[in-house]
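Student: Starting from the structure of chain B, add chains Z and R where the hints point.
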Amino acid sequence: MSELSEFLQHLANGLVLGFLYALVGIGLSMVYGILRMINFAHGEILMVGVFLALPVSALGAPAWLVLLAGIAGATIMGLIVQWTIYRPLLRSPEVTLLVASLGVSLLLQNLVLMMTSPQPKRPAPAPFLDQPFRLGEIVLRNVDIAIVLIAIAAMLVTHLFLKQTRHGRALRALAQDMSAARMMGVHVPFLVMICFVIGSALAGVAGVLIGYKYGHLTPLSGFLPGLKGFVAAVIGGIGSFPGAVAGGLILGLLEIFVVGYLPDALAQYRDAYVFLVLILVLLVRPSGLFGKPESVKV
Amino acid sequence: MSQATWATLAAVAAFALAVWAAQAQLNPFYLQILGLLGINIMATVSLNFAAGFGGMFSLGHPAFMAIGGYTAAILTYPVAMKGMRIPGYPDWMLQLQLPFLPALLIGGVAASVIAILVGWPVLRLRGHYLAVATLGLTVIVQVAIVNLVDYTRGALGLSGIPRLANLWWIAGFMVLTIYVVYRLVHSRFGRALRAVRDDFVAAQMSGVHVARTRLIGFTIAAFFAGIAGGLLGHLLRILTPGQFSFNAVFLGVAMMILGGMGSITGSILGAVIMTILPQFIIPLERGGSILGIEVPALNGLTQIVTALILIGVMLVKPAGLAGAREFSWRPLFGLSRQSKRGGSA
Amino acid sequence: MKRRVFLVATTAAVGTSLLPGLARAADTLKLGSIYSLTGSYATIEDPALKGAKLAVKQVNEAGGVKGQKIELIQYDGKSTLADIANAAQRLVHEDQVTAIIGVCDSGFYLASAPIAQDAGIPYLDTGGTVPNLPEQIGEFAHMMPFGDDYQAYVAAEFAMKDLGAKTAFLLRDGDTDYTRAIAQFFQERFKRDGGQIIEESSYHTGDTDYSSHITKIRGTNPPPDIIYAAMNPGDDATFVRQAREAGVTIPIIGGDAFDNPDLVKNAGANNTVDVYFTTHMAMSTDNPIVAKFIEAYKAEYGIPPENAFAGLGYDSVNLMVEAMNKAPDLSPKAINDAIFTITTFAGVTGNADFSNKNRAPDKEVTIIAVKDGKFMPVGNRKPAS
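Protein chains in written order, with my numbering: chain B, 6 to 303; chain Z, 4 to 348; chain R, 11 to 395.
Worth flagging that the hints you see were computed from the coordinates, not collected in a lab. You can take every hint at face value.
Residues on chain B that point at chain Z, a partial pick, calculated with CB under 10 Å:
hint: 1; residue: Ser97
hint: 2; residue: Ala105
hint: 3; residue: Leu107
hint: 4; residue: Leu287
Computed beta-carbon distance windows for the label pairs:
hint: 5; chain 1: Z; residue 1: Gly86; chain 2: R; residue 2: Asp372; range: 22 to 30 Å
hint: 6; chain 1: R; residue 1: Asp372; chain 2: B; residue 2: Leu285; range: 47 to 55 Å
hint: 7; chain 1: R; residue 1: Thr259; chain 2: Z; residue 2: Ser248; range: 31 to 39 Å
hint: 8; chain 1: R; residue 1: Thr215; chain 2: Z; residue 2: Ala24; range: 41 to 49 Å
hint: 9; chain 1: R; residue 1: Asn297; chain 2: Z; residue 2: Asn250; range: 37 to 45 Å
hint: 10; chain 1: Z; residue 1: Ala24; chain 2: R; residue 2: Ser395; range: 50 to 58 Å
hint: 11; chain 1: Z; residue 1: Met84; chain 2: R; residue 2: Ser395; range: 23 to 31 Å
hint: 12; chain 1: R; residue 1: Thr259; chain 2: B; residue 2: Val162; range: 37 to 45 Å
hint: 13; chain 1: B; residue 1: Ala178; chain 2: R; residue 2: Thr215; range: 39 to 47 Å
hint: 14; chain 1: Z; residue 1: Trp123; chain 2: R; residue 2: Asn366; range: 49 to 57 Å
hint: 15; chain 1: R; residue 1: Gly257; chain 2: B; residue 2: Val289; range: 36 to 44 Å
hint: 16; chain 1: B; residue 1: Arg177; chain 2: R; residue 2: Gly257; range: 42 to 50 Å
hint: 17; chain 1: B; residue 1: Ala178; chain 2: Z; residue 2: Gly210; range: 35 to 43 Å
hint: 18; chain 1: B; residue 1: Leu140; chain 2: R; residue 2: Thr259; range: 18 to 26 Å
All values reported here derive from a predicted model rather than from experimental measurement. Glycine is no exception: its CB is placed at the ideal position from the N, C-alpha and C atoms.
Chain B extracted, bound-state conformation (with noise of 0.2 Å):
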């Protein structure tokens, strides 16, 4: 392997990565652009979405149909968590939000392993996601081509959808200013309610195509996409959606070349540089990369 198609492929592994990323991030970051809101249990709607997936999978179901069930089941899950739980604690202090996601996030975890088991889970297999796709020297797997490809479509729409529908224009504006919207007529629960849906629909496309590039389930697993995308949503600037998009990218990147590039005794610091970055681009845009900076109100 040439040295060019190592970068090459290395920098191909990071942007599929990063896509991953990106999907969890961007649901992360709506819900804190509405409702300055913390949701640590996203992770965990992806990890439940995925799961309600599984079955469907056993039962011999096309990928794209797993897809569809992942969706569908993370956003009910979103939903319900949604309507039972935040929504009584809209205009409750902020604080108040995160340690109830806290909660939810625990809550789920253990309800779906006391339900399952702790033993790795995988969709049936997929034998046209699983093949090679070969660009040169450049190895990638179907799955991933399908990762970028979806990401790519979801995020247009939900871009589309927050450009040219009333509904997204209202959430834009629910964002900037949650009072100023409200006088205007905006159905501030509703808008909510949809902001919660697009993210946890989108969690959903990101815990199956987790599932079936890694084919390694567990109750843990939303965990750590929940950071890495909440990582990414602040790189980028939390509260905006093309942030959410460039900080997943970065991140992903970034993980990868470390990785890649530098000595092992280096490398094995991975987590610390990403963080250390993460503190640095507060520092120095505390909005983040594409967030815009946010009147004083804390």
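Tutor: What follows is chains Z and R alone, placed relative to chain B:
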């Protein structure tokens, strides 16, 4: 002296008596649970000082506990084992073995020094941005402990720490933490701190040095976190990086918010619930026959109940059990005009 | 405020003591266990508990120990250090068990074992593999598995002698002690015998994406003869699959973490060609003890053992029972002393000698080759000295 002061003194005396009785009578299991409770109270009250009273919502508290814990443990570690288990230090350090108190205090100071170095740039951030940056500190410290094997014994954990923290030490430092935080909150400094929390522009205009006030508050909180870490290591006799991970972050925040941000009483309450309650549920998890009824094993029951309590309290009392109120003797004695409002629960 | 603390503390203390434990039959021999059934260690410790429960059931059906039935008192360690230490305190001081088995992590063992040591209760480590754990704790500490050094040395010797490897690429989980240790011991022996470690690479606990490490392997010129993968259970299949699907056909050697049916199930039979690992027991073997265990496990739980830790949990109980039978009386001290007299224990995880007070038992390491999706034993070995 007022009636309330007398009551407080009497309570302290009763508390000391209780500690004495506990240390003499209870078996090591209860002593360990009570020890962990005391440490959790210290950690939560000090976190609340920074977050609730100072408006610095920090997720870096476990990092300070780790720094204080490891520093103290390395200082009290038996010289005979140091060269074998943590050989990275210079000779004079390997030959050094300090008594418990100075080691604890140095641990607290070490945590404070890091708090100053980190806080100086990072405390410019506010709200969630500060939370995320301090979460980064927790991750960085944890990664460092895992990888600096010659200095920390890495992921295996630094075991063989002498058992020096009995209930007296823990109860003593717990009371000290509560007392200091209480006095600070009600001092000129505490008023400045709260002013900065509530409106830093206004605080600045009325002559408060915002950056310095925040940094001092942050550092004091880190000092007590460091001491709590030192006590933890010398209670459990082992420190591992896993003890200071995300779980610790979440647990700390949950204890604080459950009780109420900005209430010392609340922090104590939160720590008591989150430490003691699981001990009642754990025996039920393994199933078996309870009062003649066969119950299947319920793995994760403790976590599920804890989660439901967290969610439930947030739904019913979004500001936490105590809100921002404090315990007071007044309603008990029926002295106060305020007793109608219920004082604090 | 202070009074409140006092009140709460005392009521809590009194309350816990009043709380009835689960009803227990009299005249039972109490065996304590600490396994994490929640959190990140559940994957390996849940099967260990299932193995232990199966053994207890079999022993009791066969009449128990010296006429007494064994009662297994289990607490969930929750993969959390403080919970594990609390569980040990509870077993020793509340339930007053005669002996303890538990945990599959050396750090967890180091956190809980001093409590049993101080009380003079024998405590057998089920799966933590730091070779000198007993030496670090004291005479009441015992280990069921072989030490990390044994299996990594055997792996290195197997790589050089059987596979003719001269160069190796080392992949390890940099966050856990077990994986760092076997990587270290492998490297030590491989270099001593004239091999060369081309490159080391660390991943992190919970990572599922190994593409950067695999790309590094592909970029090594000339390619390494073998990959030594010091991984945690569950990571093995993910890595093997990704490596093979990226076109890396170099032999992969792993540790006992590879010993689970999910390796083939999740990686696919065609991807597990040239995969070898060292382990405690060969799941598909004609050894009648193992075959019987697997049958009984299937009958009890409806699935074959999830991984080798099921066998270690099973053996942990049986070793304790053998010591109890050998001991002149059923006091903890007598049982503890009896363990050291067991020199020919025939367990599902191999034949072992427990006479060394300071170290992991002297036990053979099984080498497995994966062929057509089946685990084929290559042989049982001990490292050359």
